[in-house]
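There are 2 protein chains.
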Amino acid sequence: MASIAPAVDPSVNPAIAAQQRILALPLTEGRRMADAIRVLAMDAVEKAKSGHPGMPMGIADAATVLFTKYLKYDAADPRWADRDRFVLSAGHGSMLLYALLHLTGHAGIGTEDLRNFRQLHSVAAGHPEYGEHPAIETTTGPLGQGLANAVGMAMAERHLSARFGKSLVDHRTWVIAGDGCLMEGISHEAASIAGHFRLNKLTVLWDDNGISIDGDVTITSSDDVLRRFQSYGWAVRRVDGHDQEAVARALDAATRSGKPTLIACKTIIGFSAPSKAGTSGVHGAALGGVELQAAKDALGWTAAPFEIPEEIKTPWEAAGRRSAGSRRSWLKRLAKHPQKAEFERAMAGKLPDGWHEAGVAHRAKLAEEMPKIATRIASQRALEALVPAIPEMMGGSADLTGSNNTNVRGIPVFSVQNLAGRYVHWGIREHGMAAAMNGLALHGGVIPYSGTFLVFADYMRPSIRLAALMRQRVIHVLTHDSIGLGEDGPTHQPVETLASLRVIPHLHVFRPADAMETAECWELAVARADGPAVLALSRQNLPALRAEAGENKSARGGYVLAEASAMRRATLVATGSEVHLAMQARETLEAEGIPTAVVSLPCWELFALQDDGYRQQVLGDAPRFGIEAALGFGWDRWLGNDGTFIGMTGFGASAPADDLFKHFGITAEAAVAAVRRKLA
Amino acid sequence: MASIAPAVDPSVNPAIAAQQRILALPLTEGRRMADAIRVLAMDAVEKAKSGHPGMPMGIADAATVLFTKYLKYDAADPRWADRDRFVLSAGHGSMLLYALLHLTGHAGIGTEDLRNFRQLHSVAAGHPEYGEHPAIETTTGPLGQGLANAVGMAMAERHLSARFGKSLVDHRTWVIAGDGCLMEGISHEAASIAGHFRLNKLTVLWDDNGISIDGDVTITSSDDVLRRFQSYGWAVRRVDGHDQEAVARALDAATRSGKPTLIACKTIIGFSAPSKAGTSGVHGAALGGVELQAAKDALGWTAAPFEIPEEIKTPWEAAGRRSAGSRRSWLKRLAKHPQKAEFERAMAGKLPDGWHEAGVAHRAKLAEEMPKIATRIASQRALEALVPAIPEMMGGSADLTGSNNTNVRGIPVFSVQNLAGRYVHWGIREHGMAAAMNGLALHGGVIPYSGTFLVFADYMRPSIRLAALMRQRVIHVLTHDSIGLGEDGPTHQPVETLASLRVIPHLHVFRPADAMETAECWELAVARADGPAVLALSRQNLPALRAEAGENKSARGGYVLAEASAMRRATLVATGSEVHLAMQARETLEAEGIPTAVVSLPCWELFALQDDGYRQQVLGDAPRFGIEAALGFGWDRWLGNDGTFIGMTGFGASAPADDLFKHFGITAEAAVAAVRRKLA
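Chains as they are written, first to last, in the UniProt record's numbering: chain A, 1 to 680; chain B, 1 to 680.
One chain only, chain A, in its complex shape (with noise of 0.2 Å):
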C-alpha cells in the first residue's frame, strides 16, 4: 500500500503523523473493510458537495468491529424484533451508517441511492431519517437525541424481556456518538437513568477524536468524560479506536459488564485525508477532488467510486448474514412460544382485544357519576381503565407522579429489582424522559406516556418535534395547563405553550374540558399509532359537562357542546377548563335572549382534519369568541378576523387560581360583556 507524503506540517497537525503510522501498518482484511465506509462516504459527499465526511472516515475502523463481529442484524429481515439496536447518535454522520447498510447487503440501499445522498427523495438524506430504511432505527441529527432514543431501546429490551422472557427478547443496543452528543445536556440526564437502571446491555462508542466544529474540543470543554460516566454508574474504557483488535477487546469487554459502558474510541477525524484529518476543515464540508484522490492513494484504494471491489464486498456482506442463523432459531422459538400472538400483537403496534371496551365501559361510568374533578385526575381514572387492559402501556413521571396523576393503582415500578415493572420514576430529567421514551415506543412492543407540568414541555421540545417527525405514539401527560395552577406564579404558568405545540406537525394537542373529554381523549391518543399525542390537563376541579357516553365527540376535534336556543347570534368557542365558563356565559346571554352556542375544541388538529361542511356547521356564521386562558396566537383561524379572544395577553402571575382568573379578566362575566359589546 501507499504511503502519504503530507501536505501539512506533523509538527503543526500531529494527527497527521499518527495517520501516517497507522497507514504503515500491514494491511488486514478489517481495515480494507473500514475503508470501503470510508472511500463511500468521501464519494457521496464529494458528489453531492454537501455532507459530514470526517467523521465516518475516523470512526470506521470501530464501526467495522462492530457490524462484523458483534452487532446482531440480519440484512435479510432488517425489522427483526430480536435484532440488536444501532443508532448513530452522531446523526451528521449519516454516511457511515448508509456504507454499512449498502456494504452489508441491505435491499433498499444501493450504489444509486448513495449516488443520490442528500438529493430530494432519496433514502439516503442528510441525516438518517426514520422511515427512509427499515434499518435506520431513529432520525439523528439533533445532537444527543440518538444516545437518550437507545437509553429508551435498551429500557424496552429489559422490560420485554421480563415480560416475554429471555427466549423471545435478548439484544443489546449500541451506540456511535460524537463529542457533541455528550456535551449536550440530555446525555446527562440519559447516562444518569442508563446507569440507575443498570442498562448493561447498553454500549455507547464515543467517537472521540477530539475536534467540534469550532476547532479542539480544548477550546470548549475540559470534562474528564470517562470519570463523568463512571459516576452514573457506566463501565468505561478508553481504546485506540484505529486498532480493530483493542476495539473487539472492549467491545467483548461491554458484552460481559453488568454495567453500562462507554468506550472511547480515540480516532482521527477524516482519517486519511492528507491534510485535512485531525481538523475540523474535515467535518462538514467535501474535500474536494485533489485531497479525496490523495486520502484514497493513501489508503491503496484504486477502484472507481461508488465501486466496492469483490474481494471487500464479499466479507462484508457475509458479516450482513452473520445472524441468519440465530434470527432462524429465534423464529423458531417464537413459533412454539406460548406468548407468541401477544408478543407480535404488541410489537406491531395494535391494541388488545378490549380496550375499547374497557373505554367505553369507563365513559358510561362517568357518564352516571358526573364527576366534578380535575383533568388531571380524570386522566388517572382513564389510565386505570387502560392501563390494565393494554399491558403495552408505561407510564411515568418527571418527579411529579402526584402532580401529575400518571400513576394507577396495582402498577408496578419498573426499576432493576422488577423491570416487568411499568411506571417509570424518570427523576427531574424532562428531556432524557422525552427522548427515552421516544426510544421505548421506536424499539417497540411498548406504548410510553409521561407526566410533568406542560409549561416544561419547552425542556422536552426537542425530543418532542422528533416523536413528531417520526411519527412515533408517544403520549405526553402534561398537566397544571394554565394560570389555573395559582400560586406557582408566571414561571409554571404556561401561557405560549400550547400553541408552541399546537404548531408542531403530525402532534396532536389534546384539552379536554371535563372528565369525559379527557376519557375520549385518552382513548384517541392511545388508538392512533402514527403519530405522538399531548393531554393538556387542568389542575384545577372542573364540573362534567356530558351526560352521555355513546359516541367518542372529541374525535372530530371538536363539536358543539351546546346549541343556541334559536337561530345562533354568539357563538362560544373554548377549550378544557374554560369550556365551563363558555356554558356559564351562554346561561346568561340566553336568559338575557341571546340564543349562544357553545363549542368544544379539545384537539385542533382533529378538528382541522374534518370537512369544510362540519367545521362551518360547527363554528357557525353568529360572530365567534374563543376563550382559553392561554394567548391567542392562532385563534385567529376559527375565530375568523371579525372574532374575539377572551385569554391572556401575556405572562401570569401568583396568586392564588380564582384570584388570576378574575385579575386576567378570563371569566364568564367578561364573555358576557364581549358578547353584549360585539352584539351592541
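Any given hint might turn out to be false.
Since the list can't tell identical chains apart, any single copy or any two copies may satisfy a pair.
[Claimed, not checked] Pairs of lysine-lysine, DSS-like flavour, derived with a Cα cap of 25 Å:
{"no.": "1", "residue 1": "K372", "residue 2": "K49"}
{"no.": "2", "residue 1": "K662", "residue 2": "K49"}
{"no.": "3", "residue 1": "K553", "residue 2": "K372"}
{"no.": "4", "residue 1": "K678", "residue 2": "K259"}
{"no.": "5", "residue 1": "K662", "residue 2": "K47"}
Hints were generated in silico from the structure; no laboratory data involved.
Let chain A serve as the given structure and place chain B on it in line with the hints.
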C-alpha cells in the same frame, strides 16, 4: 430548649433520629437565626396554604452561614454593582430568600409582604421573580436555570474585572441548588462551562437532602454527584448542612479554591417538623397547624407567627449591614476611577455614544454596495460595525461559529488566558449558553449575543422564555432559518420554530429580508434594553432590496417595500428570504396588469405595536398573500380569513435548497398563480 417526641418511629424515618440528635445540641445564636428562617417559611406557607416549606427549613443553617459570614451585600443598596450575587436555583424554596431579605433588613419586604406570600401583587411571589424586589437576582423555579444563570454571572464578573480592574469588580457568585437542579441536563452544560473557564469565584451549595417529590432520590438516581463535578474540574466538599461551623469551613475553603466549588450540604428536608422531616411530604405543602406547632415547639420557638424576637432580629440586621464598609470603600474607589463613567454607563445598560452613528454609517455603505449575501453574512457585517462600537457586546456560538457568522475580526476569544475576550466558544451546549447569557445580562455590564441554528432554539427554549419573562437584553443569532438550509433535512429545517418563538411574550423575533434589514434589526435588538430578541437569518444568499438607508424601516415591524403601480389589487406580505420572491412575483403581476404591493414584515411584534391606521395602510384592502418558508400558524392575523398563505404545510426534506423551494411550492411562480386564482 425543648426536645421532641417523634411522631414517627425513627427506624421508619431515620431522619427523625438524626433531627433529634441535632435538636439536642446546645442552642447557638446561629441556630436561632436559622430557626427564624424556618419559622417564617412555615408561617408563610401555612398562611398561603401553598408553597414549599421543606427546603428553607432544611438549608436554613447553611444559608445563615452564607448570609452572615460570607455573602458580600449591603441591605441598604441591593443593586450595589460589586455585591456578591446570590442565586436560589431551587426557586420553589422562595421563602428562604424572602426570609433572608426580610431578616437582613432589606426595604420593601416587610412582614406584610411575607403574610401576602403567593398572593396577587405580592413581592413574595410563589417563585422568586426578577423585578419584584431589587435583591432578587434572577427568576428561578424551572430547575437548573438558576445554576446556569450563576455561571453567566460569574463569567460576567471575570470579564468585567479584566476590563475594569479588581478595584471595581471583585465579587463572588453563590448558588443554592437542589437535587432537581443537578438532575436537569442544563446542569451538565453549565457545570462543564464553569469548570472549563475555571470560575473559581462560583460556589454552589447543594441542598443534599436526598428527597425529591416522588420520594427518596435513590428511586431515581444513582449518581455520584461529587465525582461528576470533579470530572468537570470542580473542587468538591461534603459537609453536614446542619453544622454551621462545618459549613463555614467549607465556604472558607471555597473562597480559596482555584476552581468552582460544589459543597454537598447533607440536610434534613423540613428540619424540625416532628413527623414529616426527611420525607417528600414536607416538600411542597403547608405543614398543617398541628405539625407546625410541634415543629416550633421542637425548636423552642415561642414568638407569634411572622414575629422575630429582638435578640434574633438584631444579629440578622447586623449581618445585612456587614459589608456596608466595603461598599463605602468601593464607592470611594469608583469616584476616583478613571473609567467611572464608562463603568456606570455599561452597568446601567446604556449604549455608548457613537454606536448609532456606527450603525448608520454601516447602512449607508450597504445602500451603496447592495450586496447579494446571506443574512447571516449580513449579520456578521452588522456585528463588525457594532461590536467595536459597543464594548459590552459579548458574542458566541454553540460550536457553529463559521455557520452562524457570529465572530468579528479582531475581537479576542474569552478564555482562562484572556478573560477580557469578548467571544465565547460555548461548545455544543445551547441550553447552557442561553441560560448563562441570561446570567451575563442579569449581572449587568454585558450585552450577550449567541449563535446556533434556528431549529435548535428548541434546545434553549426554557431559557429564552425566562429571558422574556425577565425582560433581559439577550440576543440570539439563529441562522439556517428555513428549508433554505437545504441538504441537512427536516431535523435541521425549522418549519414551526418561527411561530413557536413569536408566541413568547416580550420576545422580538426579527427575520430580515436582506443586508439592509439585517443591519436595521441588529440596531433594534441592541437598542432594546427591556427584552430579548431573536434574529432568524438565512443560510442562502439573498438579493439586496433597498437602496436607501435613511430611515430604519424595520423599526415599525412592517412596511410597504414596493407600492402597487396603481390601486392595489393584491398585497404580498413576506418575511426574510421570501421577500425577494414576493418582489419577483410582483414584477410578473404588474406586467400582467395586476397592481401589486409588497409588504416586508421583519418583526411581527413591532408591527403589532403600531396603531391600527398604520397597519391598515400597510396591509391594505386588496386580497393578501402571505409568503414564508414556514408553517402558516399565526399568519391569519395579518392575512385575514380571506387571505392566502404560501409556505410549508409540514416538515421539510433533505435536498439542495433550490429543489426544496420548488418541491414545496414556495416560489414567485406559486405566488403569481395564487394571486391569479384569487382574482380570477
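Task: Hints the structure fails to honour - done: 4
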